[in-house]
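Colleague: Residue numbers (this note's numbering), protein chains in the order written: chain A, 1 to 312; chain B, 1001 to 1639.
Source of the hints: derived by calculation from the structure; they are not laboratory data.
Capping the alpha-carbon separation at 30 Å, the derived lysine-lysine pairs in BS3-like fashion look like this:
| # | chain 1 | residue 1 | chain 2 | residue 2 |
| --- | --- | --- | --- | --- |
| 1 | A | K120 | A | K93 |
| 2 | B | K1135 | A | K193 |
| 3 | B | K1143 | A | K78 |
| 4 | A | K120 | B | K1143 |
| 5 | A | K76 | B | K1143 |
Which stretches of chain B does chain A cover? Using the computed rule of at least three CB atoms under 8 Å from a CB of chain A, they are:
| # | stretch |
| --- | --- |
| 6 | 1059-1066 |
| 7 | 1128-1136 |
| 8 | 1147-1155 |
Yeah, the Cβ is synthetic: ideal placement off N, Cα and C, and Gly gets one too.
Okay, here's what each chain looks like letter by letter:
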Amino acid sequence: MRFFLRFLLLAYGFMFYLVTTVQAAELAVVIVSSERSAAYVEAEQALLSELERGGVSRYDMLQVTAQEWAGAGALKPKLIVALGSEAATVLAKAETRAPVLCTLLPRSSFERILRTSGRKSSSQFSALYLDQPLSRQVELIRLALPAARRIGVLWGPESQAQAPALKALLQSSGLELVEASVGRDELLFPALKRVLDDSDLLLAVAEPQLFNSSSIQNILLASFRVRVPLVAFSPAYVRAGALIALHVTPTQVGLQAAAITRGVLQGKSLSATPVYSHDFSVTVNEHVARSLGLTLDAVALRDRLRSREATP
Amino acid sequence: MKVVDIRSRMLVAGLLPVTLLAILLAVVFLASRFGDLSDAHSQRARSLARQLATSSEYGLFSDNITHLQTIANGAMRESAVRSVAIVDSQGRILVSAGKPGYTMFPMLAGKETEHFDPTKRLDLLCQPIETSQLKLDDLFEDKAPERVVRPTLLGHVLIEFSRDGLLKREREMLWVGLAVTMGGLLFGGFLAVRLGRGVVIPIYRVSRLIERLGQGELSARAIVLADDPLRDLQLGLNQMAEHLESNRDELEQRIAAATLELRSKKEEAETATLAKSRFLAAASHDLRQPTHALGMFVARLAQLPHDAQTSQLIGNLDASVRATQDLLDGLLDISRLDAQAVKVKLHPFALADIFDQLQVGLSLTASEKGLRLRIRPTPVWLMSDSTLLHRILLNLISNSLRYTTQGSVLVACRVADGGQVARIEVWDSGIGIAPEHHKSIFKEFYQVGNAARNRGKGLGLGLNIVERTAQLLGHPLHLCSKLGHGTRFSIEVPLLPPGTFVETRSPILVDSLGDLEGLVVLVIEDDALAREGLVSLLASWGYEAQGADGFSTAQTLLEQGLIPDIIVSDYRLLDGINGIEVIQQLRHVSGRPIPACLMSGDSDPGFIQAAKEAGLTLLHKPVRPAKLRTLVRRLAADI
Chain A
1 MRFFLRFLLL
11 AYGFMFYLVT
21 TVQAAELAVV
31 IVSSERSAAY
41 VEAEQALLSE
51 LERGGVSRYD
61 MLQVTAQEWA
71 GAGALKPKLI
81 VALGSEAATV
91 LAKAETRAPV
101 LCTLLPRSSF
111 ERILRTSGRK
121 SSSQFSALYL
131 DQPLSRQVEL
141 IRLALPAARR
151 IGVLWGPESQ
161 AQAPALKALL
171 QSSGLELVEA
181 SVGRDELLFP
191 ALKRVLDDSD
201 LLLAVAEPQL
211 FNSSSIQNIL
221 LASFRVRVPL
231 VAFSPAYVRA
241 GALIALHVTP
251 TQVGLQAAAI
261 TRGVLQGKSL
271 SATPVYSHDF
281 SVTVNEHVAR
291 SLGLTLDAVA
301 LRDRLRSREA
311 TP
Chain B
1001 MKVVDIRSRM
1011 LVAGLLPVTL
1021 LAILLAVVFL
1031 ASRFGDLSDA
1041 HSQRARSLAR
1051 QLATSSEYGL
1061 FSDNITHLQT
1071 IANGAMRESA
1081 VRSVAIVDSQ
1091 GRILVSAGKP
1101 GYTMFPMLAG
1111 KETEHFDPTK
1121 RLDLLCQPIE
1131 TSQLKLDDLF
1141 EDKAPERVVR
1151 PTLLGHVLIE
1161 FSRDGLLKRE
1171 REMLWVGLAV
1181 TMGGLLFGGF
1191 LAVRLGRGVV
1201 IPIYRVSRLI
1211 ERLGQGELSA
1221 RAIVLADDPL
1231 RDLQLGLNQM
1241 AEHLESNRDE
1251 LEQRIAAATL
1261 ELRSKKEEAE
1271 TATLAKSRFL
1281 AAASHDLRQP
1291 THALGMFVAR
1301 LAQLPHDAQT
1311 SQLIGNLDAS
1321 VRATQDLLDG
1331 LLDISRLDAQ
1341 AVKVKLHPFA
1351 LADIFDQLQV
1361 GLSLTASEKG
1371 LRLRIRPTPV
1381 WLMSDSTLLH
1391 RILLNLISNS
1401 LRYTTQGSVL
1411 VACRVADGGQ
1421 VARIEVWDSG
1431 IGIAPEHHKS
1441 IFKEFYQVGN
1451 AARNRGKGLG
1461 LGLNIVERTA
1471 QLLGHPLHLC
1481 SKLGHGTRFS
1491 IEVPLLPPGT
1501 FVETRSPILV
1511 DSLGDLEGLV
1521 VLVIEDDALA
1531 REGLVSLLAS
1541 WGYEAQGADG
1551 FSTAQTLLEQ
1561 GLIPDIIVSD
1571 YRLLDGINGI
1581 EVIQQLRHVS
1591 GRPIPACLMS
1601 GDSDPGFIQA
1611 AKEAGLTLLH
1621 KPVRPAKLRT
1631 LVRRLAADI
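Throw the hints in and build the complete structure from the sequences for me.
Modeller: Here's what the structure looks like:
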């Protein structure tokens, strides 16, 4: 039914385009969503309402899913916003004249898409990452867990590249990096054990090979046994047992994507390099904090982090 | 047999459903319980394996052998667990506990498998150990198909369960089931028997009751109980039995009443017959006396000189008197036969004697009718009662003479049947008897062609007397006659067996006695008329006759010097003493055995017997003059 309605909507769009090419040329934004789950809808709505608030007509914006995009290739919007990895993958393969802003996807995914599609990040194909910048994460650690000196990190094949940056960052902050790498077919536990044995906290990086729904329980269990808190990158990890997470919400993503879109519509080009979100949120698992003897206030931490970033 | 049949049928009807139900329930119950037990066993085993797999996950993830060993040992504490082994993803046994029942290591396919070894009754369960999936629903999760993270296979748990406990439980269950079934059957059987008895016993009672009723025991009643299932039937039977009994009683009463009535009727009839016989006897006696006197007077009258016209009248008178005398004789014979007073006395005698008497007695009658009576002399001796045979032949010949108008009557005797019997035949050339009358002529007072009852044709008693007497003697009597061609009667009398000694007696030659004039005859007769008639008759024959009315008169006569040669006495006399006693006393008084004879109108057998015992000839009244004369001559011969 929903598919049928969407199809009707698309058919309506086509007719619109075919009958009045002038109007079609004026189409401002096409939002391609990977799926229709809550996070995507939230981001989409935030984007749309923010654009509308900024004066973009609702009729100048078209929402399709990645699967529907195949039939909408003839559209000529000023900007295509891809929500999620699947939409980004589809658009990376598509020949579009309009610039594409990939968002609501982690950095590792975007880089993989670039690799597989042979594209390069440019003003025509850029991204707004879900990931938080390493500096912000280090800053949060310093704020939330000032006693932690040794920061444990597990690197996977996709995240290994960030290691020097983090090491430098930590060193500048007076912190020690305890790292271990896990190869493509290596067991996770030996590396994890090494890291956990020598660190005060485990900083999780968005590396799907290491941190996924299948492994997270054992990682959390192992870290909890040695009373090493896990600092994660997603509220889902906090719900699963991580102590704290620094992340961006879909609404925050949508709002920032709207700002970028407005810029593009006003004639600015996309940033050639992918950008991190300006805004962010902090989520704390109070139970885990209590069991570790900690008292953390998520809102206060976010506010303090924001204020620090505002005054560099 | 029938009751047994009903009882067994009732038992079957009661037990069969109970048995079927009990067995069905037991089978269903046991099957379902066995299934439950087996399912529970399998589920428990599988859940234990899964639990083990789950708890082994972290140990395998972290390669913690001690932890895994603890888990395996803990699992061994569970009942029915025979062995536990945890292997890693490469198939190496990390830890094991218990003694495995398998020798070959099973295939580890990363799937839940189950293998049952029937010989050892061991279930081997293989449970893969995978990393547990935590649903993150995270934007960081890569949804690309090649990027989706699958659960990692960490290893396998191999756990063996023994089915001994299960079998033990099943066996216990089976016993319990059997016990419950048997209990149900026993209870059901008990109920069936009890309930069946409640029906069968009343049926038995009813059938016994019907049997008794059928045997005529109508007083039998069913004892009706309030809770009897056949109560109505028994009440109905009781009612029926009551009806039957009352009907039978009523019928019996009616029969008894009818029998009583019949008996009284019969007694009445017998009384009437007896009265008739008495009347007949009395009448014949009372008639005989005057007829006797009349005969005497007529005979006397005939001897007086008369003119021709008077002589003819006297002749007619004499015939009438004779007919009357015949009638009285016949009636006397019939009354004697009726009273069964005639007793047969068999003795040997010569038939010639009887033939002589018949020739003498009937020649006159035959010649009077112008008939020829021929009696052929015969030498045979017979074994019979000569008196009764004489009476038979007398009647037969008289009958022939009566119905023959011309020609002759022939009497002859032939030896027949190889010398066993003598057939005495009486032939006549008379009118003959039509075949339709052959049977009837032997009836009393039956006369062919004499509806007017002409006395000249006899009385119709003769043949009846003949037949009855012949029956009494046991001599077969035959009749051969054709209308217009004469009649032949024959009677078969047994011959005297050869060699039998016979006392012969010289025949009485009456005619050779010569002149008996002057013979003194004492007549004792209480009836004056009869006495006078007899005395005058005897006097007319030239005898010196004296009359006396009783013993005293006779004694007086004797005392006056009368010496009687012969005494003729009546049997019943005035003085209350009978003729036999008078004769004996007179003989005693005179001192010599005076020949005597008795006359009587009585047919009393006792009297006849007494006369025979006293050796006195008895003349039945009315005595015919000719007969008396013959007797007197014979008595005179004994002097």
